[in-house]
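Engineer: The primary structure of each chain is shown beneath.
Protein chains: 2
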Amino acid sequence: QRECEGSRDKRGSNYTQSVSMRSSLAGVSGATPTEEMNGAGNLMDFLDEPFPDVGTYEDFHTIDWLREKSRDTDRHRKITSKSKESIWELIKSLLDAWSGWVVMLLIGLLSGTLAGVIDLAVDWMTDLKEGVCLSAFWYSHEQCCWTSNETTFDDRDKCPQWQKWAELMTGHGAGAYVLNYFLYILWALLFSFLAVSLVRVFAPYACGSGIPEIKTILSGFIIRGYLGKWTLLIKTVTLVLAVSSGLSLGKEGPLVHVACCCGNLFCSLFSKYSKNEGKRREVLSAAAAAGVSVAFGAPIGGVLFSLEEVSYYFPLKTLWRSFFAALVAAFTLRSINPFGNSRLVLFYVEYHTPWYMAELVPFILLGVFGGLWGTLFIRANIAWCRRRKTTQLGKYPVLEVIAVTGITAVLAYPNPYTRRSTSELISELFNDCGALESSQLCDYINNPNMSRPVDDIPDRPAGPGVYTALWQLALALIFKIVITIFTFGMKIPSGLFIPSMAVGAIAGRIVGIAVEQMAYHHHDWIIFKNWCRPGADCVTPGLYAMVGAAACLGGVTRMTVSLVVIMFELTGGLEYIVPLMAAAVTSKWVADAFGKEGIYESHIQLNGYPYLDVRDEFTHRTLATDVMRPRRNDPPLAVLTQDSTTVEDVETLIKDTDYNGFPVVVSRESERLIGFVQRRDLTLAIKNARQKQDGVVSSSVVYFTEDAPQLPASNPQPLKLRRILNLSPFTVTDHTPMETVVDIFRKLGLRQCLVTRSGRLLGIITKKDVLRHMAQMMNQDPESIMFN
Amino acid sequence: QRECEGSRDKRGSNYTQSVSMRSSLAGVSGATPTEEMNGAGNLMDFLDEPFPDVGTYEDFHTIDWLREKSRDTDRHRKITSKSKESIWELIKSLLDAWSGWVVMLLIGLLSGTLAGVIDLAVDWMTDLKEGVCLSAFWYSHEQCCWTSNETTFDDRDKCPQWQKWAELMTGHGAGAYVLNYFLYILWALLFSFLAVSLVRVFAPYACGSGIPEIKTILSGFIIRGYLGKWTLLIKTVTLVLAVSSGLSLGKEGPLVHVACCCGNLFCSLFSKYSKNEGKRREVLSAAAAAGVSVAFGAPIGGVLFSLEEVSYYFPLKTLWRSFFAALVAAFTLRSINPFGNSRLVLFYVEYHTPWYMAELVPFILLGVFGGLWGTLFIRANIAWCRRRKTTQLGKYPVLEVIAVTGITAVLAYPNPYTRRSTSELISELFNDCGALESSQLCDYINNPNMSRPVDDIPDRPAGPGVYTALWQLALALIFKIVITIFTFGMKIPSGLFIPSMAVGAIAGRIVGIAVEQMAYHHHDWIIFKNWCRPGADCVTPGLYAMVGAAACLGGVTRMTVSLVVIMFELTGGLEYIVPLMAAAVTSKWVADAFGKEGIYESHIQLNGYPYLDVRDEFTHRTLATDVMRPRRNDPPLAVLTQDSTTVEDVETLIKDTDYNGFPVVVSRESERLIGFVQRRDLTLAIKNARQKQDGVVSSSVVYFTEDAPQLPASNPQPLKLRRILNLSPFTVTDHTPMETVVDIFRKLGLRQCLVTRSGRLLGIITKKDVLRHMAQMMNQDPESIMFN
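The listed protein sequences derive, respectively, from chains A and B. Residue 115 in the numbering used here sits at position 106 of the first sequence; the count goes up by one each step and never skips. Residue 241 in the numbering used here sits at position 232 of the second sequence; the count goes up by one each step and never skips.
What the hints contain is simulated information worked out from the structure, not anything from laboratory work. Fair warning: there could be bad hints in the mix.
A pair counts as met if it fits within one copy or between any two copies, since identical chains are not told apart.
What the hints assert, rightly or not - When the alpha-carbon atoms are kept at most 27 Å apart in a straight line, the in silico DSSO-like pairs for lysine-lysine are as follows: (1) Lys326 x Lys777; (2) Lys696 x Lys664; (3) Lys91 x Lys605; (4) Lys87 x Lys538; (5) Lys101 x Lys605; (6) Lys238 x Lys288; (7) Lys701 x Lys664; (8) Lys777 x Lys756; (9) Lys288 x Lys78; (10) Lys101 x Lys91; (11) Lys664 x Lys777; (12) Lys538 x Lys326; (13) Lys93 x Lys326; (14) Lys605 x Lys78; (15) Lys93 x Lys78; (16) Lys605 x Lys756.
Using the sequences plus the hints, can you model the full thing?
Structural biologist: As structure tokens, this is what we get:
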């Protein structure tokens, strides 16, 4: 995945400014000038004019959460004190207080609308590969046949308005199948070519599922343009193309990215959010919840997904707002009604039979399968992505996509279960076989002596259709397992939820039918005796499919609670929570036994993002002194003194080193820390002073003290920089255990931390140092952490 | 409320040990000796034997989360390294890893069972006030009449097995009503007298709902015995008595306390949890989730309740485990089946009609009502509780309970809606009037020309029964509003969920019927025209009751998401989330406009617990230097030096001051900090050394350095105490804004923090100082914070 980061690696590893073509195209804010400075230094020197860009971050750098929070409090304080001055200011302050809810509303509306549009477009274009609606070409197969009154599955293909391409062109000839096959492949190739080209040319960030990057961004990393307008537009369009091309990918992950782009878009309307990277991330967390909410029609699941899987900083206020955004999004989607059933959820199912304790055994087995599949998938996919990153393969992304699409289309068409769209397949697998159901999977032999009640059909022997379906499903399973490994990570938008669920659903349905038939034919066996009398409806194969889907999704992503809640929202019944929970937890345990990381964390690691996982427990006995720089034989720490450094010294230091900031000490001898100054702020301040302040020359002394001493007139004018000095840098002692340091970095969202011993400054630990150290402790390559 | 804290106030405010009769009775662990010391000092002197109790906390003191976490990591490290030694150690380490899940399972099983038993007992005893089952006296009214086949509400009173007391004693005489009335009051008085006496004598901590204290405990405060076995037993028994006595209180809040007691009980089985206050709190968070899960039959709502309302430190691991515990508890309860309908939920409802946009207006009005009621209730209840705390009233708790019970019983009996148990009342108010419903509330005039379908009954004009019911409900509403204010906070177990919901449900039902009748009689009005044609079923009064209940509960507790999710789990349909959300959010906004604190926070404040609310935003411009001790004119900070203090000096310092710990500096002149030592550890260490180590006398020098210097033999033997020195005390600079300090205290769970300026130690800030400062900034009495 993500060769789009290939070029970043190089840029990121040195500390130069790296505003790329992309980010200028995408134009995310974040570099917008701030009017006020870090609130950490309240007793600052206000003589100098504030200058632009102070307190902002460079691309591919890590934000300092404490500083952002402090800045927001300052802003808030200013507004509150102003609001007492006039009615207009009061109204402005009220608007400011409500802007959070307004942003949520807008995010909900836009992401719901986009999801609806995507659903409709995907439906239409997926069907376009097979045929066209004569009455109105913009109708999908289903919409086309709504007008005719045949509603059951059997009659679906008999709807006269809908014509397959071959029928339309040559009639029902002998070559019709071949022609349809050929056209199917052609459409697929066209769609995927368009998708990959659009991504390549306009928005390289639109590729992949986006969840690893969003996790990283939410943890406090800056990737300009990743959530830009341009990415939003291209991702939406190419997502439709990619899904319609029939590749083994889903739209759910990318929808989270789309929703986050919406969130970022609306952030720029309010300076409260656009100028504060911390506040912006609160909005993005809520947007992620809205994304999952519309992806599955599961608002509560979406909020929990954001909480469990994506978010880093999730205060209670964000919980409420996420919930609001998720609800608005879900209801917008429902009023667009893309599924045409006025249902909110993607896969609506209703089961009529309870489950029995004995069924827990196959459910847990499905959990084991899910865990194994998760492990296998992550390992194989990461190996393949690494190969793509490091070999020639990565240089031909368009060719790769075309090739995979071609193979997928060729292999998928002959099998009815892979030909249709994956979400349709999952929907069918989840379904309980009602009396009116006419799919092949429900081809059971009915007992003619029994009346057929609609809801409560007893277990029946399987007919030939079911056996055919079983074979086809087994082939589809193998096909999906293999092709998904190669698909996820290509340079097109690609989600993983749907393919994983499909694998699990197929496996689950097969197991379900097997158990059902076993229970029917051997209901005298001791295990069936108690709960499955002849003529009773005791096994629901659809439930097995659902449990399998949960297990596989859990194995790949390692979600548990949000997964179960999403599934619970699909069925709307508490009764099936225990099977789902059993499978999800088993799958997580099995998968965790082989490696703690889910697919998203693995991709984060592959790309070397500076992501400090909340879940990793650091258990080694190292101390801060082992991690801090400078190391034993390194040159001493680059520090500034409070009143004896000249402008030239500072400029030399900036030129010679690539550190992000410098501690300021009383004097080099005492090494007593008084503050910390950011490299970016220092550069900007000196540049600004040289331009605007007369008398500031290279030999001017830089003062970080409260009052610059009165100097004789012959000396050049001093430069007072207390304004940009952070007077409350975070310090730990050299004896602090690293587990505590990791905890502090995680919980407070620090960018760096200074190390002292009995009041003397010894060194510095940055987030990157922490991540490198953690990688080293886990026997990984510490150089894989690439950004700041 | 909580005069039971009256005595604590005095004890808590000085720093002496305060193990009371109660805690010795209850016997919660927490004071159990730890075998190993704080991991913060890894390079410690291991010459001295570890001595018991080091690293534990005194009663009514605050724990240090970082230290607890560090200790757990040490323990974990030890087990991991040992596990490589032998198979037996490996098995032990696996058992240790699984103990968390085992504890969850046990909590789920026990709290589910207890909830079931409580439900059954309450049912039986509530009915006992009215009559007795002749066939088996241990049957409740409902169970008694199961045997006879009359199942509808109408016939309920005709069930021959069930005899009212008067019928049993005197037959249907003229005085029967009076006799029943009298006996009803008598039973109520008996139950409440028993309840309050048991609480008084055996477990004073069993009073109240317990949620404020649990919030405080989870935030890191020690209250020994609050979650003890004895409290568990007495709370369970008295809860049944209190609810059965007919007082306006519920069992939901106390069930959370009961579940937490279960959690604490099972913690003591595993040293991992019993010896670490931090880990113990993770278990308690999960137990709280299990408590709500069984209270409402809403596992997901329970987890969210724990997350949103109760918990302080809620890592993802706890999320999964809470969910597991909540599920197990819910299923245990279901298998006990106390409601006899194999439903999991307390109030199961099913509505057949969707809601319409125009209905949002009454829903939002109900939200406003809920917010106002919440504000009114909190103010009035807190005023009354303060009066109880400060006047003679608090000295006669038994009399107070008896009086309130008497008044409640006298006023409640004549009104059928207050006579029955509150949860039954809510259940009836929530219900949609089906065709078979025969309650007074469903006495509509049917159109004889229309057939009566079971589900879809059109709106009908109200009959005389409905009008009677409306009057009675209005009276019940006033009665409930007034009596609940006086009931909550008495010295018996009392929850607030059910009374709040009852108030809301009554108001909601009244509004619902009003809207329904308006829509029926004026369906040509413009607002009704679009959605309410004649003959359509457009208004569901039951839904209004539910929305009202959510609004009132939200106004009192300020929950939003968990509240909506609990309600959603009751109905099991996503469709009503928008009305519920609208009401809950409106209610929160309205109530927040009058004061940010919910009822639990208000009670925490009333009792002066050191609770640092996650939700309070600190927005003042103060700095660490304004808050730290010593203040400007105070004597200098009490410090120890690393190598020049004698044992006698230390003992004098301990005697003369009441600080919880002392910073250790290089020398008094340089004031450079090297560590921090806890008062309790210091006392224990010196006591231990004097007993066991020969040669340690008053003039022995105490060394905190790594190596004690070689002294001439004439000098007394030095005492090396580096072992108990925390070498990584937390420091901030004096310029750090208080908002950052508050954030650090909150997120890292610190107990104290040292303040430095350019490496020199200036002062100390404790959690209590922070809380005092926050109280001062909010113009509250800083002396209201009483504990440490």
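Engineer: Are the hints correct? Go through all of them and say.
Structural biologist: Okay, the hints, checked on the actual structure:
1. Taking the shortest Cα distances, Lys326 and Lys777 sit within 27 Å of each other only across copies (25 Å), while inside one copy they are farther apart (30 Å).
2. For a Cα distance limit of 27 Å, the shortest separation of Lys696 from Lys664 inside one copy, 14 Å, qualifies, whereas the shortest one across copies, 59 Å, does not.
3. Only between protomers do Lys91 and Lys605 lie at most 27 Å apart by alpha-carbon distance; the minimum there is 22 Å, versus 51 Å within a single protomer.
4. For a Cα distance limit of 27 Å, the shortest separation of Lys87 from Lys538 qualifies neither inside one copy, at 74 Å, nor across copies, at 49 Å.
5. Proximity of Lys101 and Lys605 under a CA criterion of 27 Å is satisfied inter-copy only: 22 Å between copies versus 48 Å inside one chain copy.
6. Taking the shortest alpha-carbon separations for Lys238 and Lys288, only the intra-copy value of 19 Å comes in at or below 27 Å, while the best inter-copy value is 45 Å.
7. For the identical chains of this complex, Lys701 and Lys664 are intra-copy neighbours only, at 22 Å inside a copy versus 62 Å across copies, given an alpha-carbon limit of 27 Å.
8. In this assembly of identical chains, Lys777 and Lys756 lie within 27 Å of each other by CA distance both inside one copy and across copies; the values are 16 Å within and 22 Å between.
9. In this assembly of identical chains, Lys288 and Lys78 lie within 27 Å of each other by CA distance solely inside one copy; the values are 8 Å within and 29 Å between copies.
10. For the homomeric pair Lys101 and Lys91, the shortest alpha-carbon distance inside one copy (10 Å) is at most 27 Å, but the shortest distance between copies (63 Å) is not.
11. Only within a single protomer do Lys664 and Lys777 lie at most 27 Å apart by alpha-carbon distance; the minimum there is 21 Å, versus 47 Å between protomers.
12. Taking identical chains as interchangeable, the C-alpha atoms of Lys538 and Lys326 are never at most 27 Å apart, the minima being 53 Å within one chain and 39 Å between chains.
13. Proximity of Lys93 and Lys326 under a CA criterion of 27 Å is satisfied intra-copy only: 25 Å inside one chain copy versus 46 Å between copies.
14. Taking CA atoms no more than 27 Å apart as the test, Lys605 paired with Lys78 passes between copies only; the shortest distance there is 21 Å, against 32 Å inside one copy.
15. For the identical chains of this complex, Lys93 and Lys78 are intra-copy neighbours only, at 23 Å inside a copy versus 45 Å across copies, given an alpha-carbon limit of 27 Å.
16. Within a single copy, Lys605 and Lys756 get their C-alpha atoms as close as 21 Å, and across copies as close as 25 Å, so both meet the 27 Å cut-off.
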